[in-house]
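> Produce the complete structure using the sequences and hints provided.
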Amino acid sequence: MLSNASKKGQSAFEYVVIIGIALLILIPLWLHISSSVGVTRVELQSSYTKHAVSKLRGAADAVYVQGSPAKFTLLLTFPEGVENVTISNNEISIRLSTSYGISDVIATTLGPVQGSISTSSGAHRVEVSAVGNAVNITEV
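Numbered per numbering that gives the first Met the number 0, the sequence shown spans residues 0 to 139.
Quick caveat, the hints were computed from the structure, so don't treat them as lab data. Any given hint could turn out to be false.
Cut-off 25 Å, straight-line C-alpha distance, at most; resulting in silico cross-link-like pairs (DMTMM-like, lysine to aspartate or glutamate) [said to hold, decoys possible]:
1. K49 - D103
2. K49 - E126
3. K49 - D60
4. K70 - E90
What follows is the structure, given as structure tokens:
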């Protein structure tokens, strides 16, 4: 017959085994979920950037074709990690830094474009207007 002390020891050992098995299941699951969240965040950053460049290009092309005094006002959302916004010649590009590295999202416009937009994350109100034979893109 087992004594009281050995019964308590057996109970403690069983608890340790149960906790060990639970940790063996939960740790890989936690690592998988953390990895998936990181990938999803990068995909979301990339999607926001592509959408912003696409909207800018569409507005710039429409304004260029219509000519002066055509004007559009856009509301763009920039994700965290925007390093540089370049608007010159016939090109709009946004450089994005993510945990997977740096990527450039580039769009070519019908006409020459010029202007600047800040790189801060969040909402940006942008005015796209035809000026002479070019398109001016500025933050308002």
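> Compare the structure with each hint and give your call.
Each hint, compared with the structure:
The straight-line distance between the Cα atoms of K49 and D103 is roughly 9 Å, inside the 25 Å bound, and the hint therefore holds. For the suggested pair K49 and E126, the alpha carbons sit about 18 Å apart, so the restraint of at most 25 Å is met. The suggested pairing of K49 with D60 holds, with an alpha-carbon distance near 16 Å, which does not exceed 25 Å. Restraint check for K70 and E90: the C-alpha separation of about 19 Å stays at or below 25 Å, so the hint holds.
Hint compliance for this structure: every hint is met.
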